[in-house]
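Peer 1: Sequence:
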Amino acid sequence: MKRALPLLVLALAILWLANTLRDHRADKQLDLEGFGRLPILANGRIKPLDTVARSSLLQLQGRQRVQSGSGATLAPTAWLATVFFDPARADRMRTFEVVHPEVLTLFNLRPEDGDSGKRFSFVQLSGGFPELMRQSQLAQQTDTAARSAFQRAVIQLHLNLNLYHELKHTLAPPDSADFLGELLNFQQNLPAGVAAVRARQQNEPYDEAAFNAMLALGTRFDTLSTASTLRPIPPPSGSANDSSHADWRTTGAALLGTFETGLVDHNVLAYAGLAQAWRGQKHAQFNEIVRLYRDQLQTQFAPELRKTDTEARFNAAAPFYRSMLLYVLAFVLAIFSWLKWPDVLGRTAFWLILCAFIATSAGIATRMWLEGRPPVTNLYSSALFVGWGAVLLCLVLEALYKNAIGSVAAGLIGFSTLLIAHHLSLGGDTLEMMRAVLDSNFWLATHVIIITIGYSATFLAGFLALIYILRGCFTRSLDRPTAAALSRMVYGIVCFATLFSLVGTVLGGIWADQSWGRFWGWDPKENGALIIVIWNAIILHARWGGLVRQRGLMCLAVFGNIVTAWSWFGTNMLGVGLHSYGFMDAAFWWLSAFVISQLAAIALALLRPISPQKTAHQ
Numbered sequence: 056m057k058r059a060l061p062l063l064v065l066a067l068a069i070l071w072l073a074n075t076l077r078d079h080r081a082d083k084q085l086d087l088e089g090f091g092r093l094p095i096l097a098n099g100r101i102k103p104l105d106t107v108a109r110s111s112l113l114q115l116q117g118r119q120r121v122q123s124g125s126g127a128t129l130a131p132t133a134w135l136a137t138v139f140f141d142p143a144r145a146d147r148m149r150t151f152e153v154v155h156p157e158v159l160t161l162f163n164l165r166p167e168d169g170d171s172g173k174r175f176s177f178v179q180l181s182g183g184f185p186e187l188m189r190q191s192q193l194a195q196q197t198d199t200a201a202r203s204a205f206q207r208a209v210i211q212l213h214l215n216l217n218l219y220h221e222l223k224h225t226l227a228p229p230d231s232a233d234f235l236g237e238l239l240n241f242q243q244n245l246p247a248g249v250a251a252v253r254a255r256q257q258n259e260p261y262d263e264a265a266f267n268a269m270l271a272l273g274t275r276f277d278t279l280s281t282a283s284t285l286r287p288i289p290p291p292s293g294s295a296n297d298s299s300h301a302d303w304r305t306t307g308a309a310l311l312g313t314f315e316t317g318l319v320d321h322n323v324l325a326y327a328g329l330a331q332a333w334r335g336q337k338h339a340q341f342n343e344i345v346r347l348y349r350d351q352l353q354t355q356f357a358p359e360l361r362k363t364d365t366e367a368r369f370n371a372a373a374p375f376y377r378s379m380l381l382y383v384l385a386f387v388l389a390i391f392s393w394l395k396w397p398d399v400l401g402r403t404a405f406w407l408i409l410c411a412f413i414a415t416s417a418g419i420a421t422r423m424w425l426e427g428r429p430p431v432t433n434l435y436s437s438a439l440f441v442g443w444g445a446v447l448l449c450l451v452l453e454a455l456y457k458n459a460i461g462s463v464a465a466g467l468i469g470f471s472t473l474l475i476a477h478h479l480s481l482g483g484d485t486l487e488m489m490r491a492v493l494d495s496n497f498w499l500a501t502h503v504i505i506i507t508i509g510y511s512a513t514f515l516a517g518f519l520a521l522i523y524i525l526r527g528c529f530t531r532s533l534d535r536p537t538a539a540a541l542s543r544m545v546y547g548i549v550c551f552a553t554l555f556s557l558v559g560t561v562l563g564g565i566w567a568d569q570s571w572g573r574f575w576g577w578d579p580k581e582n583g584a585l586i587i588v589i590w591n592a593i594i595l596h597a598r599w600g601g602l603v604r605q606r607g608l609m610c611l612a613v614f615g616n617i618v619t620a621w622s623w624f625g626t627n628m629l630g631v632g633l634h635s636y637g638f639m640d641a642a643f644w645w646l647s648a649f650v651i652s653q654l655a656a657i658a659l660a661l662l663r664p665i666s667p668q669k670t671a672h673q
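Residue numbers (the numbering used here): 56 to 673.
Keep in mind the hints are simulated off the structure, nothing from the lab. Just to be clear, a hint being listed does not mean it is correct.
[To be verified] Derived pair list, reagent style DSSO-like, types lysine-lysine, alpha-carbon separation capped at 30 Å:
| no. | residue 1 | residue 2 |
| --- | --- | --- |
| 1 | K57 | K457 |
| 2 | K223 | K173 |
| 3 | K457 | K395 |
| 4 | K395 | K57 |
| 5 | K223 | K337 |
| 6 | K362 | K223 |
| 7 | K337 | K362 |
[Said to hold, decoys possible] Pairwise CB distance ranges, derived in the manner of DEER restraints:
| no. | residue 1 | residue 2 | range |
| --- | --- | --- | --- |
| 8 | H220 | T197 | 20 to 26 Å |
| 9 | T197 | N98 | 23 to 29 Å |
| 10 | T284 | D141 | 20 to 26 Å |
| 11 | L193 | F574 | 42 to 48 Å |
| 12 | S181 | V451 | 20 to 26 Å |
| 13 | S570 | R58 | 53 to 59 Å |
| 14 | S416 | S652 | 26 to 32 Å |
| 15 | Q256 | R147 | 29 to 35 Å |
| 16 | L62 | T530 | 25 to 31 Å |
| 17 | T284 | R144 | 21 to 27 Å |
| 18 | S532 | A357 | 40 to 46 Å |
| 19 | W424 | L394 | 39 to 45 Å |
Small disclaimer: the values here were computed from a predicted structure and weren't measured. Glycine is no exception: its CB is placed at the ideal position from the N, C-alpha and C atoms.
When you get a sec, could you build the whole thing from the sequences and use the hints?
Peer 2: And the structure:
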């Protein structure tokens, strides 16, 4: 049985991952999957409604599930459909996360009034909107670096409420009880209304009731057009630029165009039909409209639908979340392999790491295809790739040494970087439009990739050193062969990191010269990259010169974690320089805690003797 354990666990992991690729309906009566794959233009790119739902919920409350008033859990697409088609019900759902006590006082609320003490509904917050607006305006007048936690929380809640307001106005006016009937009535009365408007313009007798009705509808549609930036309506078939993103329209803009064309856009009617079916709980009708509308879009927007379908499947599969779980399990098994069944548990951990690596690779490849870009385009994708590169090196180490050290390091780094990526995703869509400073596929595929691999290798060297220190200080499992193997691993990885960091930094200078006319400008991000190169060079020269032995090498490698973390995240927190495109002050305390933990590990290694144990045959 022990010998079959690795293959059994591998088979279960593969089946578990493969099961995520199947179609799953959260509600057997509603085709919410098909609805979630419908395309919409948001934040400069065409994406599925499923992505809009998930990214919106992450921004509003930091998670992708919503508790309905009845206690049932709604999937993201079900929540978004409720916001679109039954906003009064959505207003009662507790989807806004508010944790700052002073912000709660603006609404006369207490933590116990919310779900889990921190999630509140739109209805609960509605009474404090005027004061929130005033406080937000005051906070925005304060310099970003000088804002208090209260001011940042007020601004964030204001942004979240604006996002929710946009969502409610995406497909129909929130106060419309029967938008389809309203549109059909508008279509029927349009000729008379247009005739009345033209007659009035020519100072001729006109139907005042028809004129006033058209004026009211024009104002209503104009309000709907300006209330949301989301564009669910594709360009008309056969238009000159029917594949241009610029020609996608808001629902209000499409309805304003009716005054010129004389016909209500069929895409608007389709969504209005979905709203009617949703409110009337006509599930078969809802599903049929979704099917017919998708078939209609297929004739004109087949490439876009392929991408939205793939992205929705990618969202549902959640490869990075599942990889996190596999990394944790592999890490635990690898640790236990040092205590019992080293061969069986070690091989099991290795295969789990490989499964997680393949799942992460598939996720990164899917993102590349969706964006049409190399793998690293923002801080979120850099976290994915740093972990991916480190795990790849760990797999090589484990294949060479077969001592579970590579699996432990892979599990630790893989989980940590994916956890960082998860928290970076809370700001919204991670497939954001390319920032101007990075808009070059060639340099993204060379400088950015190479220097990110340098980050991966430097972190890996530091984490291997942590394994040496922790095993040496707290266990008796660090024997001399293992210590020597760890020393060789760290040395080899530092050599690898030095090469990639140096080449990546030089390529960055060439890119800067082409983009800004100077090779080096002492920008914080540039300085951070240079510091990594210098620190790795210091480690190598200290070892070559005999200034450090095993313990000293490990301490220097652990400090490399601090140097790399500063270059990766710390420079962005400064909010200055040409590379400050990822400013994020919220990570300050986490970065500080990480630095303190690394300094504590170094102090532990220096203050507590580490004496690798002799093996039985030594």
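Peer 1: Could you work out which of the previously given hints the structure breaks and list their numbers from low to high?
Peer 2: Violated hints: 12, 15, 18; rest satisfied.
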